[in-house]
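A.B. asks: The listed protein sequences derive, respectively, from chains W and C. Counting in our numbering, the first sequence runs from 1 upward without gaps. Counting in our numbering, the second sequence runs from 1001 upward without gaps.
Simulated from the structure, these hints should not be mistaken for laboratory data. A quick note: this is a predicted structure, and the numbers were derived from the prediction, not measured. Each residue gets a CB set at the ideal place from its N, CA and C atoms; glycine is no exception. Each hint should be verified, as a subset may be incorrect.
SDA-like cross-link-like pairs, simulated, lysine to any residue; straight-line CA separation at most 20 Å [unchecked claim]:
hint: 1; chain 1: W; residue 1: Lys165; chain 2: W; residue 2: His202
hint: 2; chain 1: C; residue 1: Lys1151; chain 2: W; residue 2: Lys165
hint: 3; chain 1: C; residue 1: Lys1178; chain 2: W; residue 2: Ala388
Partial selection, computed: residues in chain W whose CB lies under 8 Å from chain C [unchecked claim]:
hint: 4; residue: Pro35
hint: 5; residue: Arg216
hint: 6; residue: Gly264
hint: 7; residue: Thr268
To spell it out: a stretch of chain W is covered by chain C in this simulated footprint if at least three of its residues, at any positions, have a beta carbon under 8 Å from a beta carbon of chain C; those stretches are [what the hints assert, rightly or not]:
hint: 8; segment: 68–78
hint: 9; segment: 110–116
hint: 10; segment: 156–165
hint: 11; segment: 226–238
hint: 12; segment: 359–368
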Amino acid sequence: MKSLKIAALAVGAVALAAPAFADLVFPSLSYRTGPYAAGGIPYADGYQDYMTLINERDGGLGGEKLKVVECETGYNTQKGVECYEGTKGQGALLYQPLSTGITYQLIPKSQADEIPILTMGYGRTSAANGAVFKYVFNFPANYWAGASGIVNHLLDINGGDISGKSLALVYHNSAYGKEPIRTLEELSKKHGFSVTLLPVDHPGQEQKSQWLQIRRERPDYVLMWGWGVMNSVAIQEAANINFPMENFIGIWWSGSENDVRPAGAAATGYKAATFHNVGKDYPIFDDLQKYVFDKGMTAGAGDQIGTAIYNRGLYAAMMAVEGARKAQELAGHAAITPQEMRDGLENLEISEELMNNLGMPNFGPSFKVSCSNHGGSGDVGIQQWDAAAGTWSLISDFAPVDMEVIQPLIEEDSAAYAAEAGVEVRSCN
Amino acid sequence: MSPDFLYAVEVLLNGLMAGVMYSLVALGFVLIFKASGVFNYAQGVMALFAALTLVGIMNGQVPFSHLINAVFGTSVHEFGWHVPALGAIALTAVVMVIFAFLVEKLILKYLIGQEPIILFMATIGLAYFMEGFGDLMWGADIKALDVGLPKGGSIWIEENTAWLAAEGSRFFGFFIDKLDVSATLVAVVLVIALTLFSQYTATGRALRAVADDHQAALSVGISLRAIWVITWSIAGFVALVAGIMWGSKSGVQFSLAFIALKALPVLMLGGFTSIPGAIVGGLIIGMGEKLFEFFVGPLIGGATENWFAYVLALIFLVFRPQGLFGERIIERV
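Bound-form chain W, shown alone:
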């Protein structure tokens, strides 16, 4: 009897200690504290709310509940790696690190642990080459696509000719901020415009020198690759020198409500590139209201719903869920493994029909992922801020970018990584 009790206790202890693999686990490396919390909170809220919706409305995915394991990184690379190490044993299917620094650290780890990572609109751009980066995905768009998308927009509003135009790039003086430089230089050769580079040191609270230079040189357009306080200061400084806001265009990490609101009415007209739509005029928000918000299951305070970065979190979660759905379809069972999740992501096809069915019509571009293309279509749209209404509007639809320029850069950089890291390039034929 005694040994039976001991055995029962041992079984119970093992059951408690073992990771719960019954759920589909999606770690959320979030940052709700620290200097970038204003951007981290809406993203984490959107990500979690979408997963809650799938659980509450559909009973999970293929009968398996979705489980979000949130881990606070504070936008700190070291903490991000700790979060990865601390959660991967819980059956993690996919990581979305929400930081370029953390992504760079996780790329070799994901390969070794065979757990996929998805970096939407950040991370290592050349990860779009799936032949080299088997476990990394960065659809639907990357920084180089962002640079090309902005240049395409300038071509559109200038009748297809921007030769002789002058551009200034105000950028965060970091690896992230320097990402578009090479692409812009290549595009400048092709289209005949000039680029002046204006680095801003972290955190970017003082930018008087850069904006005095812009005032002196009067470029036709100013592009911005900023983050955090740098964005709001730049927009205020642009307003101070009466720079035309409609000629000031940021990347998507410089395109949230947080960036434009401090400048008030003066920010009206400011534009930003985007790879997903804005606002909450989509059927999915009705479902979120019914199954999540009304039930008091909102991830955060519920004050971020429909903001630019909330929508990005929502969109990121949608990608994770659709990747898992595809993985279940390919594997023929619901309780998928990380490797099967990777296969699902690699065979993912986002069509407008699917987006309609999800209650997200025209929320993002249509694209197809493949073995060689982990970056999707790279289609980029442009959004514009209206301070009086307090809303962004998508003023140009998601359009293809210049892959003639970008693809060789991706090939070059990924080949360099493969050589440096000793990665075997797989055949995608």
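Chain C: place on chain W using the hints.
C.D. replies: Using the frame of chain W, we list chain C on its own:
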């Protein structure tokens, strides 16, 4: 005059005014260091907390609303009123006095007679606590701050200086930000008020006595703890002023705590114990970093300001280790 010369003058003027903004932060450090010998690591966070509180009061935001809603399942966010800027500034000043009182009551009184490094470590802890407490109290979202200060380039100055360059040259008149002008005026008033307070009031004299010698001040009946509350209250008010100026520029957000980084080279250069030193140090740093960026920046890829401010301060330290206006400490063994 040549446009290049005029541009250099424009950079110089803007550098001086940027320096005033740095000085506003440095002043808070100086006040506390003078009175207690403590390098207050939390000064930047105090500016953030003061600005958060000011915006919260102005907008009628319910403090700790996220916590209240999470615990009680309520949905309270705002009281529904709007407090005028001046009233909100006064109320925030009261909050900063309460803050000073609590700092003395909960931290400093237990550390009397301890080494300065212990007090410094305590302020590091205070800074981390205040960061989290501010988030919890007012939320982490970025808040617009408008206390009615004019912003943007002055058209009048622009139009009335454009003639300085020859017609047809690419000079568009001097750019002077109206917010920087306001900051300069506020800094002048603040320094005059602080000087008059310390020179001509009994409390001010007590502050100076404590600054000169703690033991001697105590022996003539000056309460060290009361002086600390007063000092931290004044530093809190200076933090509020800095928070208003920087917050008007960038919105009130967590990064305001980083403005302390801009004050460090100012303190190294001006000295930790001198109010005029904070002002002059700020002007030299602001002017120096902007001119360096203007002349040398383009040759070496730009973004020189952050590191050049420290290089400039270090150059001064080689000749005057105590800073331009700092007290020379002579220790004999």
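A.B. asks: For every hint, state whether the structure bears it out.
C.D. replies: Status of each hint after checking the structure:
1. The suggested pairing of Lys165(W) with His202(W) is violated, with an alpha-carbon distance near 29 Å, which exceeds 20 Å.
2. With a C-alpha separation of about 30 Å, the suggested pairing of Lys1151(C) with Lys165(W) is violated against the 20 Å cut-off.
3. A hinted pair counts as satisfied when its Cα atoms are at most 20 Å apart, and Lys1178(C) with Ala388(W) does not qualify at roughly 24 Å.
4. Given the 8 Å rule on beta carbons, the hint for Pro35(W) holds: about 5 Å separates it from the nearest Cβ of chain C.
5. Of the supplied interface hints, the one on Arg216(W) holds, with its beta-carbon coming within about 6 Å of a beta-carbon of chain C, less than 8 Å.
6. Checking Gly264(W) against chain C: minimum C-beta separation of about 6 Å stays under 8 Å; hint holds.
7. Proximity of Thr268(W) to chain C is violated relative to the hint, the smallest CB-CB distance being about 14 Å (cut-off 8 Å).
8. Counting residues of the segment 68–78 of chain W whose C-beta lies closer than 8 Å to any C-beta of chain C gives 0; at least three are required, and the coverage claim is violated.
9. Taking a C-beta to C-beta cut-off of 8 Å, the segment 110–116 of chain W contributes 0 residues in contact with chain C, too few for the three needed, and the coverage statement is violated.
10. Evaluation of the coverage hint for the segment 156–165 of chain W: breached, as 0 residues show C-beta separations to chain C shorter than 8 Å, against a requirement of three.
11. With a threshold of 8 Å between beta carbons, the proposed coverage of the segment 226–238 of chain W by chain C holds, since 5 of its residues qualify and at least three are required.
12. Under a criterion of three residues with beta carbons nearer than 8 Å to beta carbons of chain C, the stated coverage of the segment 359–368 of chain W fails, only 0 such residues being counted.
In this structure, the hints that do not hold are numbers 1, 2, 3, 7, 8, 9, 10, 12, in rising order.
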